[in-house]
Amino acid sequence: MAATDRFDAIVIGSGISGGWAAKELTEKGLRVLMVDRGRMVEHGEDYPFDGKPAYEIPARDKMPAALAKRDYFALNGWVSPSTQPFFINDRLNPYDYDAPNKFNWVRPSVVGGKSLTWGRWSFRWAPTDYEANKREGVGVDWPIRYDDVAPWYSYVEKYIGVSGGKENLDYLPDSEFMPPFPMNVAEKWLKGRLEGEFPGRKLINARLSNITEDKPEQNRTRCQKRSQCSHGCSFGAYFSTQAVTLPAARATGRLTLRSDTWVTNLEYDPAKKRVTGVRMVDAKTGRAEVVQARMVFLCASAMSSLHILLNSRPKDSERSWFHSNGALGSAVMDHIFRVGVQGEIPGMTELIEYGRRPGGVYVPRFRNLKTEELPFKRGYGYQGQAFRQPAMVDGFGADMKHGMREYGPWKFSMGAFGECLPYDDNRVMLNFNKQDRFGTPLLRFDVTFRDNEIKMMDDALEQGQLMLRRAGLVNVTGGRGKHVPGEAIHEMGGARMGRDPNTSVLNGWNQAHDAPNLFVTDGAQMASVSCVNPSLTFMAMTARAADHAIKQMKAGVI
Amino acid sequence: MSRARGVAMIGRRETLAAMVAAFGASAFAPLARAVAYKPDPVINTGPPAPVFTAAQRALVAALSERVMPTTDTPGAITAGVPAYIEHMLGDWAIDDERATIFGGLAAIDARSMADYRVPAVKATAAQQDALLTLAMNDKLPGATEFFPAFKQLVITGYFTSEVGITQEREYLPVPGEYDGAYPYAKVKRIFSA
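Protein sequence lines correspond, in order, to chains A and L.
The first sequence begins at 2 in our numbering and counts up by one.
The second sequence begins at -6 in our numbering and counts up by one.
Any given hint could turn out to be false.
Within a straight-line C-alpha distance of at most 16 angstroms, the following computed EDC-like cross-link-like pairs (lysine to aspartate or glutamate) qualify [as the list claims (entries may be wrong)]:
#1 A/316 x A/270
#2 A/53 x L/155
#3 A/63 x L/84
#4 A/115 x A/43
#5 A/70 x L/89
#6 L/179 x A/351
#7 A/189 x L/172
#8 A/70 x L/88
#9 A/70 x L/65
#10 A/189 x A/345
#11 A/70 x L/172
#12 A/192 x A/171
#13 A/285 x A/261
#14 A/53 x L/163
#15 L/181 x A/43
#16 L/181 x A/407
#17 L/179 x A/270
Pair by pair, the computed Cβ-Cβ distance ranges are [unchecked claim]:
#18 L/92 x A/351: 41 to 49 angstroms
#19 A/67 x L/123: 33 to 41 angstroms
#20 A/375 x L/145: 40 to 48 angstroms
#21 A/49 x L/178: 36 to 44 angstroms
#22 A/289 x L/92: 24 to 32 angstroms
#23 A/475 x L/99: 36 to 44 angstroms
#24 A/148 x L/37: 41 to 49 angstroms
#25 L/37 x A/219: 33 to 41 angstroms
#26 A/219 x L/182: 19 to 27 angstroms
Hints listed in this document are in silico derivations from the structure and should not be mistaken for laboratory results.
Beta carbons: idealized from backbone N, C-alpha and C, even for Gly.
Could you build all of it, start to finish, from the sequences and the hints given here?
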């Protein structure tokens, strides 16, 4: 990088949040450097398995067990040969925890981050999500409320395109929607039965960042119903950095993007209370340098941002500059995840699905909404779908082969996502006895699920089966696995927002209490996690923070 | 060319490793890291690493064709299932998973010698079916887990092959549409996943 390069802002990370930060800041006139530790992936050109059927993917897209175990242990069950190019190798990039408290940290290794492989379910949080901590005296109070974020939800949704149906539910606010992907005939049947049997409970269309109308101004084409999103989509049919925010930031001519660049820490001036630079290492040459800018947006993904913050410390000190009140790294959360129920839907065998939707239906939270009468706090929702699979036939030979030319009955399955509480002693820290290949102490996890989460999982299992049985499904079964934190890939918290600088890391504008020119806008900011998917909220919060940052910069405050 | 470069890289790494080993525990950290660093693993997309003897390979081919035979559409052999199975076992399975298949093949061969006085690969199709039926009904000592594992390999290999995806089933086109209430009567061949 030439010595004459000067940046107004550095954005660390290029995923859901970093891409939005780069887009907003460059569009508002700033010269921005966006750095990502991963390799470059260009939209369309670098999706090697886009549109490929199984026989054109190595090993028909089945991950070798030995390789998964050796190199992708956190990703076991997630990574496949078609998605492997987007994920980090855990063996080469280890992290730490004390057995048996495993943490399955799912990490990307590309520009675009997890925006290329995410699940794409997009929900607004509800007013109650921003109020629950205060009402229950749990964790710290959010310094903002739903109304602070609502205009930014609209702003982001109109830009990215969110498909879904209007429902007018106060506990799951509607977005600015494109038409939803329709329910199939079995889901419509189930909706009627379930809502009739359980007044107040709903079964609604999925809300997805997969677009159902073209966005020609962004060179994006509506979803082609391939259901291969995690291969990368050259139609740009779902939100990703590559399809949406990176082209916008590049179009300003003010973006510099550096891939293969690891940020190890932030440089800090305690007298001025400012971040003065970002130390980064070129992964290919091993050369380190400190790059300066007037402000920094830290969007490395929740746990990686904490890693960088924890490693930003005075020489000869193990304590971070940003750890002055002890809050940094604490109250790490993930959604409950390992609960699933399924059953058979009788009838309608004269009908079948044609095509493959990228998502199905959603049962929004129905627990503890009005009064809290249950032995656990907060709630959960289910994501599910009805489908018919080819028949499995016993035996072998021509009879079996021809028997498999029929479809079996309609089935429905759904899995719960539920809210984990912010426990101060669920934390991450540095392990100074082990270093990664860039000389940074490893990030160490000490995160477990507690009584509230276990009771919630039990309730989700029981209620899920009850709903399906009373709706008229047969052969209803369910299961509840041990949930290893991280598995929901919704890890959040650790640098929470708060009103009180003594108990939180960020203020209500995502600014570090200890450095007003440092903004953290990824999942690390969360003071609680709702039970719905978080990415849409990361986007809205990032756009809001960028707007505030520009105003403060123009006012000469930062 | 790439082969030569690969050899050169291994040579350089090994040399570095040997030098670092000479320093013992006091190796300078970046040097130690350079030795420990291995490039991202690559999944084998070329020919499978051979795991079968010629006789085992021939038996796997014969049995896979019995499981998924040629009828009005091609069978397992045309679909490349035998190579797929070898690929899965050579590159994808771990040792005890391989043993399930090897043990089953040996048990089937032994029973074929006992009942028909020929190795299973030389048995008639009807005799091979009888042997597979014994395995399926758990009546072949040493082949308890063989049948379900082998059937899974054949079915997965077949329905993820070009034959399975485009001839036995119908691969839906792009641009694609979605209809959640499509008449089953209009389905000629069921859709590939």
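Structure-inconsistent hints, enumerated in ascending order:
Numbers 9, 11, 12, 15, 17, 22, 24, 26 - these are the hints that the structure violates, sorted from lowest upward.
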